[in-house]
Every structure is written in structure tokens, then in C-alpha cells.
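Construct all of the structure, not just a fragment, from the sequences and the given hints.
Letter by letter, the chains look like this.
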Amino acid sequence: MISFLIKRLLQSILVMLTVAIIAFALFRYVGDPINNMVGQDTTLEERAELRERLGLDDPFFVQFGRFVTNAVQGEFGISYQHRRPVSELIAERAPATLELSLLSAILAIAIGIPMGVYTAIHRDGWLSRAFMSLSLIGISLPTFLIGILLILLFGVILRWLPTFGRGEVVQLGWWSTGFLTWSGIKALIMPAITLALFQMTLIMRLVRAEMLEVLRTDFVKFGRARGLPDRYVHFKTALKNTMVPVITIIGLQLGAIIAFAIITETVFQWPGMGLMFIQAVREVDIPIMAAYLVMIALIFVIINLIVDMLYYVVDPRLRVDRAATGH
Amino acid sequence: MTLLTIKGMRVEFPSRRGHVTAVQDLTLDVAPGEILGVVGESGAGKSTIGNAIIGLLEPPGEMTAGEITLQGDRIDTLDEVKMRAVRGARIGMIFQDPLTSLDPLQTVETQLIDTIRENLGVSEREGSERAVALLDAVGIPDPAIRIKQYPHQFSGGMRQRVVIALALCGEPELIIADEPTTALDVSVQAQILDLMKGLCRDRNVGMILITHDMGVIAETADRVAVMYRGRVVETGTTEQIINHPTHEYTQSLISAVPPPGRRLARFPLVTYIEDAQERPEGLNLATHWLGQSRDYGAASDTLLEIEKLHMRFVTRGSIFPSKRLFLDAVKDVSLSIKSGEVFGLVGESGSGKSTIARMITGIYKPTSGSIRFAGQEITGLSRKDAAPLRRQMQMIFQDPFSSLNSRMRVKDIIAEPIHFHGLASSNAEAQKIVNDLLDVVGLGAQAAVKFPHEFSGGQRQRISIARALATRPRFLVCDEPTSALDVSIQAQVLNLLKDLQSELDLTMMFISHDLPVIRQMCDRVGVMRHGQLLEVSETESLFTNPQHEYTRHLLDLMPKFSGFGAQAAE
Chain A
-6 MISFLIKRLL QSILVMLTVA IIAFALFRYV GDPINNMVGQ DTTLEERAEL
44 RERLGLDDPF FVQFGRFVTN AVQGEFGISY QHRRPVSELI AERAPATLEL
94 SLLSAILAIA IGIPMGVYTA IHRDGWLSRA FMSLSLIGIS LPTFLIGILL
144 ILLFGVILRW LPTFGRGEVV QLGWWSTGFL TWSGIKALIM PAITLALFQM
194 TLIMRLVRAE MLEVLRTDFV KFGRARGLPD RYVHFKTALK NTMVPVITII
244 GLQLGAIIAF AIITETVFQW PGMGLMFIQA VREVDIPIMA AYLVMIALIF
294 VIINLIVDML YYVVDPRLRV DRAATGH
Chain B
18 MTLLTIKGMR VEFPSRRGHV TAVQDLTLDV APGEILGVVG ESGAGKSTIG
68 NAIIGLLEPP GEMTAGEITL QGDRIDTLDE VKMRAVRGAR IGMIFQDPLT
118 SLDPLQTVET QLIDTIRENL GVSEREGSER AVALLDAVGI PDPAIRIKQY
168 PHQFSGGMRQ RVVIALALCG EPELIIADEP TTALDVSVQA QILDLMKGLC
218 RDRNVGMILI THDMGVIAET ADRVAVMYRG RVVETGTTEQ IINHPTHEYT
268 QSLISAVPPP GRRLARFPLV TYIEDAQERP EGLNLATHWL GQSRDYGAAS
318 DTLLEIEKLH MRFVTRGSIF PSKRLFLDAV KDVSLSIKSG EVFGLVGESG
368 SGKSTIARMI TGIYKPTSGS IRFAGQEITG LSRKDAAPLR RQMQMIFQDP
418 FSSLNSRMRV KDIIAEPIHF HGLASSNAEA QKIVNDLLDV VGLGAQAAVK
468 FPHEFSGGQR QRISIARALA TRPRFLVCDE PTSALDVSIQ AQVLNLLKDL
518 QSELDLTMMF ISHDLPVIRQ MCDRVGVMRH GQLLEVSETE SLFTNPQHEY
568 TRHLLDLMPK FSGFGAQAAE
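Chains as they are written, first to last, in my numbering: chain A, -6 to 320; chain B, 18 to 587.
Source of the hints: derived by calculation from the structure; they are not laboratory data.
A portion of the hints provided could be inaccurate.
Using 25 Å as the maximum straight-line C-alpha spacing, the simulated DSS-like pairs for lysine-lysine come out as follows [claimed, not checked]:
| no. | chain 1 | residue 1 | chain 2 | residue 2 |
| --- | --- | --- | --- | --- |
| 1 | A | K233 | B | K165 |
| 2 | B | K382 | B | K325 |
| 3 | B | K325 | A | K214 |
Some chain A residues flagged as far from chain B (calculated, every beta-carbon gap over 10 Å) [said to hold, decoys possible]:
| no. | residue |
| --- | --- |
| 4 | L37 |
| 5 | N63 |
| 6 | G131 |
| 7 | P155 |
| 8 | L205 |
| 9 | K214 |
| 10 | I242 |
Note that beta-carbon positions come from the ideal geometry of N, C-alpha and C, so glycine has one too.
This is the structure in C-alpha cells:
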């Protein structure tokens, strides 16, 4: 178990280094950083001096080492566009994205899994068929279209919900939350649903497929044959076995929710990291792009580590050393 | 007094192409404490009976006629809720594969206690006491400790004991055992059968024992019902069915079981089966393409020589060498196979027989030791250098369902090795060879355009044989080629292999756990246990005068089924 974790940790570090190289290359080689920093009237001498002061003439590895050292400390330089440290900007924007992602993830899991289980158990029921048809819409319609349709219906026609922004937020230390005000919650509803819809349908279909597979296994049949009630067979036996493969996908999807909040944030003008990233792309604000890239990679890596550890909790076959078995 | 009575049962599976009748006019009864054997080949409807009794027919199957009564209570008309009270509490069921019958994510304790409590409604504490007592009763040592473990921590035989304990949780009056020992080794099989016999006697429980294995029936059952195509063709006491079968199907079924006591020239076929077929005469193999270019230079006496062959698998990797765990699947095995000989390897699962076959054919790389084929060392050869030698040795695998690519047509499956080794000058020639090969194995050229799923297990194994022959090999490795097949089909496939071996002068390594089959097929036999080769001797002397203690043990465990054929011959 411990050697496995160490192995995974080393792999994670490798992944992070790879992403760091890409981020660094972006920073260093897409356009000229000096050009992006200074005004047009800066003389060549001044530029050369700035170049030397920032260490841009140093060898590649020295520069990369410096980049990684700074990145580990959360330091990604100064945004060209905002003229403020990138870390500060991210800390400001992160709560918005994380709150939105969290709510979406909860929605996707809390609705997706029960729907998947229901459609697997009542395979031919009319409600299952309805769920399945609806899920097809969720899978096939692009996120931005769903967002725009929601805005049109609830924002423009019915005027129930705000069409953009986070509403009023409350500051808790450096964290700004929208959960504590009525307008903040109202503002969250549509973006969260938009963001959750795709993941929800994906999780539902995955759970359904896996569960149908498990319901066909011998141990489920044996459970029925020894008189265990359906409730027990479905939830205690089948569902637990279903979750083993489902956990991986859900883990990856959680990362995807945070990473792909970009589109939803753009549609709803949600002041999160995604929107900031899109603006950074438009303004060629390389430090922000590099920082965003590294951060998303970090989130994916951490989620994957957690998923690996969850396997041990769910599946006893991994927990026990094979040497200790009674063979 | 009878425990269970089935009258005129009929089970149908409606499909778009009309109803398939799996079971018809079935009438059976079981008395308390009695073991009724239901025997028949695959597709005879044996398992359907068990599922129908317990009300768990796979949809859309349904019982369309007849009635089932359990101690006077009609149970086939009960609704789902009442039926659930019958399952477990009045009828227990044991399935074939102990590896898949248990929930892998729950401890044995949880599974036992939950089942006991659902069925008997006792307290948590009493459930726990009963669970330990049950494990003890089915012969699991240290039940109080083992109960806390997960199914994967038990061996196959131990798991089947747990399955039996689970089936007994609700104190049923009747147990339906569906092929309970088919997935187990012979020695474990004997123990499990003993256990089941003892439990039926001690607890006065009736049992329906569903199996394809006449040996199991002979050892265990009090009475036997023989099934063929959904009907019971004959019922009687075990003694009567085995020694004096009256129905033609029973007679030929019994005669097709390889007799352990003597060697036959050919296996009698189950002639009652409509598609029982022998290879059509006509092709003279010696002059045909298959028999040509077989002059591999001066035929040395020894074709294959294995010396100190060792295979070690890492079962737990670690960066610290002291913490790594290994499994030595094959330990310093040395043997040699003469040209034209059929060499048998026998042993229980995990004894390393298949590992040796895989090292010879190059699927595994041996850890150490040497393999010489026709005088040439092959362990260190590169892929390219080995290709001409690999062409001369081919393998036939155990499972005919997973060893054929289901997305390729039969002609492409067989032509693939021909093209790979560049054995045909043109496509047309390859096609001709494929057609002839299909004739040789008794399938006929019309099989060429079909896909594997259109064939039965025995026919698929014939395709595997045709594919193996397509490179004109001189050495054939058969890894349990018939253990997935019914006895009647096994007889056909073994006859085919025997014919081909003698006509093409093939050298063969024949791996099996089935001693009677080994006796029929092999010239010399090696006995393996825990990766070691214990004994090698001529087949007849092995059976009549075994040297090693383990060999004697294996021979003792061999089902003492002498069979109708033997009776007739005396």
C-alpha cells in the first residue's frame, strides 16, 4: 500500500513537471515577454536591461528551475493585463469557480447515481425510458446552448433568475461565498445546472451500464437464490460492486467540471478562474495562462490520488497482500 | 414420503423466431435425504430445471405447464414475495463456479449473517454463532478467524464450502446443486462430494445434483434422471442406470466416457446424437499438402528436450528485493519428448503444466533452463530467428470460445498462419488449403465463410485444430483441449486428434487434469505438482504401477466409474 502510494506520488510529480515545462515554454517562447511587459516607447537599451534583470538571458534550465521554484511557492509572476501578482488574482477568483464546481459535482452525483441505479433495476419501465431519452439530450446538446436556453427561459422570459454574475457575496477571510445570500444562491442555480447536466447524464449512463453488468453476475443470482430481498441484493450487493469502476470516472469528471467551467463561466459571465482565463487568452496574458494550466493539472493529479486511495477503501482485494491469502 | 414433486413441467423461452422449449413433460420427485442426479450434456435443459424450481428463470423464460409441489405446497404459482420466503429457507441453491458465486466486496461473515437473519429472523448474536457453526460444519478450519476474511482469501475448494454454508443458512429442506464440482480439482471434488453426501444424510436434506459428469453421479447420487434435449429419457437407481441402461442415449453416453481402467483404440461415439460424425474418408493425408515437406532432415530420436526449466513470476513487486514475493510456477523441470510420441502432462490446477506449454511455444520467457527443439536451443532466439521453429510447433487451447477471434471468418482465421509464414504462393492456393483443412477436421468447406459464433464448442475446437495444422507443424501442444466439452463431443475431438497424430506422424504434448483421457491418448505421462515433475513413465505402467505417492493419490481419487462399455467388454 505504501509503496504503491509512493509510486503514485512520484508519477504525479512527473506529470506536474511535464505540465510545468509546457507552461514555462508558453511563458517564455510564445511571443516576447519583454514586449508584453513594456510600452512601445521603451528603448532597446532599457529592454536589454530589463531582460537581464529578469534573467531572461540565463540558460534554459536555470530559467526553468527558477520558474518551478516560484511555482511551488505559488508565485507565477505579474499579470501583464492587471499589473498585479497572478497568485493574488487566482486567490480572488478561485472561490467563485470552486463553489460553482462543487455544487455541480454534488448535483451530478446526487442525481446521476440514483437515476442510473433506477434505470438499471427497472430496465423496461416507462420512467427509465424517459430518463434514458432525456439523458440523450444532456449528452448531445452542447453546454453553452443549454446555458443560453436556460437564460432565455428563466432569465429573460420568466425573469426568475439573474442572467449573469454571482449576485451578492459575503467575505469570509479571503474566501468570498455566494451561499450565504439569497441573491448569491439564485445566481448559482442556472450555472450549476448547466455545468452539471453533461456530467450527470454521463454518470447516470455509466452507473446504469455497470449495474446491469453486475446484476447479471453469479453472486447476485446466488443472493436471490438464498432468499435475500431485492432491496438487499440491489443496494448492498450490486451497488457496491458497481461503484468500483464508477469511482474512477467520477473522479476524472470532477476534474473536468473544474477545468471546463470555462464555457459555463463565459456564458453566465461568472467571475471565476475560467472567465479570467478566457480574458487572459484574449489579451495574451501569459502568466495567467501558465498559472491556470499548472493549477488545473494539480487538481487532476490530486483527484486521481484520492481515487486511487478510495479503491483501497472499497475493494478489499487490493487491501490485502496476496501473500497473506489462504491459498 | 416425497419432498419435491415435479409433474409435467414445460419451460419455454419465447423468441422472435418462435418458442424454444427448454424442458418438456418433466416429471421428477425427490425424497428427504435422497440425492437425485440429473445428468445430461450441455443444452439438455438441466440447469433450467433448477432455475424453474427456485423461480429464477432468466427472462423471458417461463414455465408454461406442469406443477411443482414442495411437501404438499404448490410453489410454482406463488407470487414473488412468497417465493422469496421459499428461496433460502426451504430450497437452497449451489452454483457451479465458487470464484464468482460470492460477493467479492463483503466478508464471509457479513454474507452469512445477513443471509441467516433474512431467512430465520434471529438476533445479530445468534446469527453470528450460527455462521461460525456452519463454517465449522462445512469443514473450514479455524472458522472463527476465517469468517472475518473476504472471499478472495479462500482457495477454490474452500470457497465452494463457503457457498455450501451459505446455501444451508436458511435450513432448507431441499438443495439444488448445479454442477457444484465442475470448476474444482479432482482431489477437491472428492472432498466436496463427500461433504454434500454427509450433509444430506445428517440433516435429512434432499438434493438435486445437476451435472454432466457420469463419474460424479456414480460416486454421489442415489437415483439418476438422464436428460436429452429437454426430456428425461430414463430414470432409475444409480446402479441400474450405470450398469444396465435401457435407453439407447444413456447407453451411448455411458460408453463415451473414457474408461479409466483400460485403453481403447478409439472412443465409441454417442451415436444417438444426430450430428455425431466422423471425418469423411477420401483425403490421403500422406500425399496431400499437409503431409508434404515434412522431411525435416534426419529425424533425430528426441524432438524436444527440456532441461532444468524454471519459471518464476513476481507476485508482489517492491523496490526492496527482500520484500518481493515470487511464485515459482515451474521448478527445474527436465523432460524429453521423442519424435512421433504423445507425451502427457497431468496435474491439478496450479501445478505448472500450462506454464510449461507456454514456455515451449514462446508465450512466456523462461527464467532459466533450456528448451531444445530438434536439437536447436530456442530459449534465447530472437523473434525472427524463432519463426521457422515456431511454425513447426502449434498450440490448441482449452477454451474454444475465447481462442478464436470472433470478428474474423473461419477461412481468415485458418489462413492467417499460412500467410504469416508465407506457406502458400497465392491466395487461391491458401483458400484451397483452408478448404481441405476444414474437410480434414470434419467440418466441410461450407464452414469457411461463417463466423465462430455460429459453431458449437466442439466445432470451434475443430476450427482450432485446423488452424494449428495450417502451418504443417510437427509438434502440437494441446492444453486441456477437451475439458470444456461434453463427453460425446470430447470423444469425437479426441478421435480426430488421434487420427491426425498417426496419419501426420505428429509429436504431441497433451496436457490434461483428466487421468482417463490421458490414459487413452498418451504414450508416456509426466505427473506434476507444485511446479515439480514428480514422475515420468510409460502410460500403462503409470496406471498399473505408480511409483510416486502423489500419483497413487491421484489414481485413488479418479472417479470409480467403470461404465457400461467396460461391463459390455467383460
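Hint by hint, where does the structure go against what was stated? Just the numbers, ascending. The structure conflicts with hints 3 and 9, although it agrees with all the remaining ones.
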